[in-house]
Structures are given as structure tokens and as C-alpha cells.
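Starting from two chains that each stand alone, build the complex the way the hints lay out.
Listed below, chain by chain, are the residues.
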Amino acid sequence: MSEYYVCTGCALLCDDIEVDIEGNKVATVHAACRKGVARMKGCSDPMECTVDGEKAEVDTAISKAAEILSDAKNPLIFGHGNSSSEAQKRSIALAKKTGAYIDDTSSFCQGPIVEAILQDKIKTCTLDDVRHKADVIIFWGADPSNSHPRHLSRYSYFPRGKERQRGWEEDRTAITIDVRKSDTAVISGDNRFYQIPMGGDAEFMDALVSALSGKVPKTSYGFDVKRILELSGVLKKAKFGVICVGLGLVYSLEELEPLFKLMNKLNEVSDFNLIPMVGQYNMRGFNHDLFEETGYINRVKFNPETGEAEHGAEQSVVEALRNRSVDAALIIGSDPLSSLPLSVSRYLAEIPLITIDPCQNLTATRSTVTIPCALGGVEAGGTAIRMDGVEIEMKKIVDTDKLSDEEILTRITEAI
Amino acid sequence: MGFGQFLAAPEIKLKIVTYRDVFQNTAQETSRFGEDYEKLSAVIKLDPKDMVKLSIKEGETVVVKNAFGKVVVTAQSSGHEEAHQGIAYMVNGPWSNALVPDETGGTGVPKFKDFEATVQGSKGEKVTGIRDIF
Ligand code: SF4
Chain A
1 MSEYYVCTGC ALLCDDIEVD IEGNKVATVH AACRKGVARM KGCSDPMECT
51 VDGEKAEVDT AISKAAEILS DAKNPLIFGH GNSSSEAQKR SIALAKKTGA
101 YIDDTSSFCQ GPIVEAILQD KIKTCTLDDV RHKADVIIFW GADPSNSHPR
151 HLSRYSYFPR GKERQRGWEE DRTAITIDVR KSDTAVISGD NRFYQIPMGG
201 DAEFMDALVS ALSGKVPKTS YGFDVKRILE LSGVLKKAKF GVICVGLGLV
251 YSLEELEPLF KLMNKLNEVS DFNLIPMVGQ YNMRGFNHDL FEETGYINRV
301 KFNPETGEAE HGAEQSVVEA LRNRSVDAAL IIGSDPLSSL PLSVSRYLAE
351 IPLITIDPCQ NLTATRSTVT IPCALGGVEA GGTAIRMDGV EIEMKKIVDT
401 DKLSDEEILT RITEAI
Chain B
1 MGFGQFLAAP EIKLKIVTYR DVFQNTAQET SRFGEDYEKL SAVIKLDPKD
51 MVKLSIKEGE TVVVKNAFGK VVVTAQSSGH EEAHQGIAYM VNGPWSNALV
101 PDETGGTGVP KFKDFEATVQ GSKGEKVTGI RDIF
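Protein chains in written order, with the UniProt record's numbering: chain A, 1 to 416; chain B, 1 to 134.
So here's chain B without its partners, still in its complex pose (with noise of 0.2 Å):
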């Protein structure tokens, strides 16, 4: 047993954008509750230099919140995608939904692909479950 258990794991504040993913999609056709949906939807994308910072490796899970909720998912590491360090990619589902902010300017319309939310290793915590996000 290390120092690490004592120590705070490192927080980074990221803006978040949504996306679609066929996979994701298809799976929710069949299931919303399935195992397939929560493994393809409980998942943010991340910059590998952000990776480094937080010190957590491909598929850890983090926790991701913010003033308007709190859910644990899978950190993955970006694939095709561009340097993208300070922006993490959520795909559209309850679990990113979970942290979508209320505010809409009154607009009608709130910020699904712009918004913020700090990111921390969870030491091991279990994705949040979809009956649990609620």
C-alpha cells in the first residue's frame, strides 16, 4: 500500500462536447438497459496529455460532475481525433445528459455540446449504473 490511497487524485476542469455513435445507437435500439448501452454510452474521451495529468490509464473510470450532476464512467483514450487537450468527448446519452447544465439563456435550448465539468480518477469506482443516474 502506497502514498497514492492519501492523496487526492488530480482534478481537471474540461469543456465537454457531445457526439453520436452508431455503436451507442444501436445498442440503445435494443436495449436500454442492457450491458451493451451502458459500456458503449458511460465512456468519455480524453486527450492522452489530459490522461497523463490526471494519472489514470485507458478504461480506469473517472468521475465527471459538475453544479448539475455526477456520474462515473470509463476513461478512454481518443482515437482518430486531433490534439484535444483541455476538450473531452462524451457521447449523447443519460450518462453526459446527467451533467448537461439547465441554462438556456431562455432560449429553449441548452448547451448539449458546450459545456463544463471537472474530471478526477475514481480509485476504482463502479460506472454509474442508468437506473442510478437519475
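Excised from the complex, chain A in its bound form (with noise of 0.2 Å):
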């Protein structure tokens, strides 16, 4: 019988991968889509183990992390999307001993949905629901055939479920409403597809409750009321309706209000629910994990003397690297260097930096420390949580020699 492996590649962790192994690599992957079949492949850079820009032996390296951060008075833990929950546990430990500010990427994206979602405001469903039953599923600034590319054929659009026999030929009705006519937008087809100007998602929601309230509805940018009126036709009658949430509307709402007011319209003249697009493999895992331990899903500071969790804005990566309150950082799994605005960013490489991370990137070229990990999925197992909240259970695939960051982590822990 074959074995099914997890594809660490985005948050839908598609667990139906098999792999071929030649000389204790990845050699062939079966079923994942082509960013998936380069994460499990492995990158051709590999990090290597440094201090202060020379070769080092790992012990070196992590004695030299730990005194980094007993040293700092307020150090910043950053990153945790692509580490299992196992190691974003060690991190929140560190973080509490070292009276660490601890954040990760859902800060400056899905974590507001995520946040909704786990003090119970949105509805929600899991990933095989959508599979099984809905029938009409809305992309909103969200393009998943090129951020989640298995989204529409494991899941959402085209394969049969069990009350969807016929798939997307007449079983399901796919929409996307985005300010861009993306890939994703042109497999709903034109009929089905939305183009609303930047900024103008939360007047398109209100547009559409009043739609489905019976009343006319109107937005500034005069988008054709009878268009909205037929969606809004489309969506009353769907049985098993659910939105998608990419980054294009969360970065468009300033607050979640009219979401809600959608959703619990949505909810009254028919059966909706929400997931959203979360990108990095286990985001969702670091949002489970920190909430259980404080109530907060993100943006943490421990209280150095008490251990208490301090939470809001300013405790926010991008916050704390603005306003330049933290003197040292541990990045693990991230490249913030690339993915933050550099004019944020730019600051970490003024303080001590220890980057964690299987392959090389820009901020480990600027960092004190660097330590490469396992690949997790690949190298290393664990558990990790996909983009709709269910546990997958990650199995090593091949060996190495290099420790995994859960194993990172607990080493510079020990040494502080």
C-alpha cells in the first residue's frame, strides 16, 4: 500500500503526496502542485550554521543565540508559519522566559478572520464540508490558483462530493469579487466575476445585504445594481454557500463589522460560512497555540517579572520595529527582510539577529546567528493546523543530520 505524505507548500497541507526517494532525497513528488513539489523537493541554497558571518558548529551557534537573548532587554520572536505547532510552543516558552515580544505573520494579515473565528463571531466550516456540500463558493481578494493552487480541485470547485456529484459542471457555482482579474477570476467566467475598485469591499457587503434585505442596492462607484441584485439572487438559494477570504479584503476592511453584517444576513435567508485563505503551512497553528496559552492569537509581549501576556497594536511586529522598542530578534521559518516592507524591516539589521530557517534568505545574510533546521514536513514531523482549523499529522520523510527548530528551540531555551 502507498504512503500518503503532508505538503508543507501552503496551508491547505494536502495530505495525499507521495514521494519517490533516491539516496535519502526527495527525488520524485507525486500529486502536489508545482510550488508544493519545490517545497518538498527542497531549496538548492541551504543555510548554513554561522556566527557573525563564519562557518560555526551548531553548539556554537546556539550558546551565541542564547546569550543574544538573555543580553536583550525587550528581544522580538518573530515568524512560526512554517513550523510545527510543537516548535511555535517552544517559541511561546522562550518568549515567556525571555520576557520576549512574540508575533507572527497572521499580524499583518489573516489574523483578524482567525481571531473572529476562534472567539466564535464568524461561522465556519472545515475543508471536506466544502468538498461534500457547498455549492456556491465566493473568492473574495482571494486568487487561490496561484496562493493555495490544489484549493479549487481538491476542494472547493471541481471534484465530486458527496452531495455534489456533479462537480463544478452543474453542482457548484464558483464567484470571485476582486479589484483584479485574476486567474481564479477567470475560472468563474465573466458572469461570475466582480470587479470592484481598491478600498470598495466593505460598500460591495453593504450593497449586497441590502440586496438580500429587499432593498436597492447602492454603492458610490455605481456598480450595476441589477449585477447585484441577480448575486444576491445566486446566494439566497445556495444550500451550502461559503466565502473564502483572501488578503485582498482583509487588507481592504479597516474594521470586520460589515463581514459580520454579511454573514449574518447571509445566514438568515440561506447557510453560509467562511475560511480563510491562510497562506504559511501552520499560521494557524501559531494562532491556536498563543491563544490557548493567553487569549490572544498574536502580538504578544511577556511581562519579563510577572510572565503576563501585554497585547495590542504596539506589540505588533511591524509596530515594535517601528518604533524600534525591541534590541535583538529570533526569526524562525520567515524571511522578514522580503516579506515586510523594507522600510519596516530595515531596522533588524541594526541588532543582534538569530534567523532559523532550512534555506537561505535575505535576512540571514544579515544576521548574527544562523542556525538551518530540518524541513519540516520532509525532514522533521510534527502536527500542524490547516487554514480551516483541522489537525494534520506530519510523518518524517527522509533523515538528516540537522536539528529541527522544535529541537533549536529547546536548546537555546536550556542554555538561557
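Hints in this document: simulated from the structure, not taken from any laboratory.
Glycine included, C-beta positions come from ideal geometry on N, C-alpha and C.
There is no bait here: all hints are sound.
Pulled a few chain A residues facing chain B out of the computed Cβ check, cut under 7 Å:
(1) 35
(2) 318
(3) 322
So this is what it looks like as C-alpha cells:
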């Protein structure tokens, strides 16, 4: 019987992956998308273990990292989206011990949505529910064809499901609402693509609520009233609807109120759920872990004396860097010099910086200490939380000499 | 040699929206320092009418800058997108992030998908290398 593995290329965590192994390396990857194949085969430039730019032994690097973190008054620990839940818990413990700021990517992307879900403010469902039941699927500010390549084929649009035996041809309607005609918009079809102006999402939601309430839907940008009414007709008739919320929507909303209103209205007239299109494979895991520990999903600073968690925008990675309130940083499985605005992340190069990652990245080039770790889901196992909140078990595929990030974090913590 | 070289290349201000691209993402998995990643990341997608205004052709490089940074990237004409004059698309990555403002209004969230920059033909400058962005 075949052995199936999990791809950690994105938060879909596809668990139907088969691999061929040659000489302790993943040589061929079956069933994954191209991004997943590249992830599982590993990068061509692995990170080296260094201290002050010179090659070093792992033990030396770990002691240096421990020294940096204990010397710092206000260290920052950031990343986590590409780490197992076990490693994330170690990281939270390390932050508590060192009185650190701790944050993850959700702080400037899907955080508000995951928070609303964990606080039971939004109705959600699993991707398996979507596969088996969803007949109306809205991609709002989301382009899974690029960000989550197998979303449409495994779950949301193309597959046959228990109650959707005729798949996309007859049983499912895909709708894209976006500022740009994305590849996903092309799949939805011109008829089902609603192009709105930048920042026009909240108004479009209000207009839909009006239409669903039998009122005339109006937008300041004069969106075709007939098209909104027709769309609201489709939503009303949905047996099982789902809104897949992408970053385009998250960034456009100043507050979530319009989304809450729309979800409430949709659930008065039909049945709708919402799933955040989480990017990194275990971002949601970090949110769950920190929520369990502190009651907050991200943006925490631990008080060094009391261990209490302070939480707010000021404790976010972006504001902590903008305000230069951190004096050292540990980055795990992330490349903030690439993924944050350079105007914000540039400060990292001015403070003692530690990077833990399987691959060389921009942040590593500016780091005092770099410690290579095993590639999650390939060289190390563990658990992770899929974008819909389902826990997924990852098995190790090949052996490696490298430590896992969990082990590295444990050893740094012990050395402090 | 014509007069062209003495005239300043036309410059226009555009709104920039970032997006994800699976090919660029794949290249990133393989190597952030590879040729493919640069080729697929250091790109700006322009409306054909804006390209005329800039008097540039597909595949030429342009200087994109604002108060926060400056990068040279390759101009591409949009594909299936609807007309989007005044708006340009850049794939999410270090090149677009060099331009994202640090202004957040204290919210902790930068405007990754809504910022302004000026675009101007570069007269043949090379694309900014990833190590030179910093
Ligand atoms: S869709 Fe995501 S999890 Fe699935 S194979 Fe592609 S990268 Fe991997």
C-alpha cells in the first residue's frame, strides 16, 4: 500500500502526497502542485550554520543565540508560520522566559479573521464540508489558483463530493470578487466575476446586505444594480455557501463589522460559512497555540517579571520594529527582510539577529547567528493546523543530521 | 543618436496593488537568490495605455520609486486583466516590499496592496538585484 505524506507548501496541507526517494532525498513528488513539489524537494541553497558571518558548529551558534537573547531587554521572536505546533509551543515558552515580543505573519494578514473564528464571531466549516456540500463558493480578494493551487481541484470547485456528484459543471457556482481579474476570476467566468474598485469591498458588502434584504443596493462607485441583485439571488438560493477570504479583502476592510453583517444576513436567508485563505502552512497553528496560552492569537509581549501577556497593536512585529522598541530578534522559518516592507524591516539589520531556517534567505544575510533546521514535513514530523482549523499529522520522510526547529528552540531555552 | 537621450523620460504616478503568482512562489521555494526568482519577482504589470504614456515597450525596464524606496524592474503589459489605467500590479516579494510605506496609522498592518509610486522608463538600466535592494 502507498504511503501518503503531507505537503507544507501552503496551509492546505495536502495529505495525499506520494514521493520517490533516492539516496535519502525526495526525488519525485506525486500529486502536489508545482509549488508543493518545489517545497518538498527542498531548496538549492540551504542555509549554513554561522556566527558573525563565519561558519560555526551548531553548539556554538546555539550558545551565541542564547547569549544574545539573555542580553537583550526586549527581544522579538517572529516567524512561526513554517514551524510545527510543537516548535511553536517551544517558542512561546522561550518568549515567556526572556520577556520577549512574540508575533507571527497573521499580525499583518489573516489575524483578524482567525481571531473572529476562535472567538465564535464567524461561522466556519471544514474544507471537507466544502468538498462534500458547498454549492456556492465565493473567492473574495483571494486568488487560490496562485496562492493555494489545489484549493479548487481538491476542495472547492472541481471535485465530486457526497452531495455534489456533478462537480463544477452543474453542482457548483464559483464567484470571484476582486479588484483585479485574477486567474481564479477567469475560472469563475465573466458572468461570475465582480470587479470592484480598490477599497470598495465594505461598500459592496453593504450593497449585498441591502439586496438580500429586498432593498435597492447602492455603491458610491455605481456598480451595476442589476448584477448585485442577480448575485444576491444566487446567494439566497445557496444550500451550502462558503466565503474564502483572501488578503485582498482583509487589507481592504478597516474593521470586520461589514463582514459580520453580511455573514449574519446570509445566514438569515441561507447557510454560509467562511474560511480564511491562510498562506503559510502552520500560521493558524501558532494562533491556536498562543490563544490557548494567553487568550490572544498574536501580538504579545511577555512581562519579564510576571510572565503576563500584554497584547495590542504596539506589541505587533510591525509597530515594534517601527518604534524600534526591540533590541534583538530571533526569526524562525520566515524572511522578514523579504516579506515586510523594507521601510519597516530595515531596522532588523541594526540589532543582533538570529535566523533559524532550512534555506538561505535575505534576513540570514544580515544575521549575527544563522542556524539551519530540518525541513518541516520532509526532514522532521510534527503537527500543524490547516487553514480550516483541522489538525494534520506530518510524518518525517527522510533522515537528516540537522536539528528540527523544535530541538533548536529547546536547546536555546535550556542554555539561557 | 537622437534628442531622446537628452529629454527626461516621461514619469507617471500609479497606484500599486500586489498579488501572488504561483510560478514566482515556486521559484522562491527553490532559491531566493536564483535567476528565476528575480525574473518572476522584479516585474511590474502595466496597462497598455500607461505604457504608451511612458513611451516604453514590453520587456524594457522601468524605475519605480517613492519616498520609501526605489527599484528597477521589468515592465510587462497585463494579460487577461481588464483595463486598469492608473493602477499597476506587482507580485508580492522583496521588490514590491522595497516600496511599501511604513505608514500604518498605528494598526500594525502596512498597506501592501494599496500604495503609490512613480514609474519612469529607465533608459536601459539593469533590474535591481536582490542583494542590492537593501
Ligand atoms: S496546494 Fe499547497 S499544500 Fe497542496 S500541494 Fe500545493 S503547495 Fe502543497
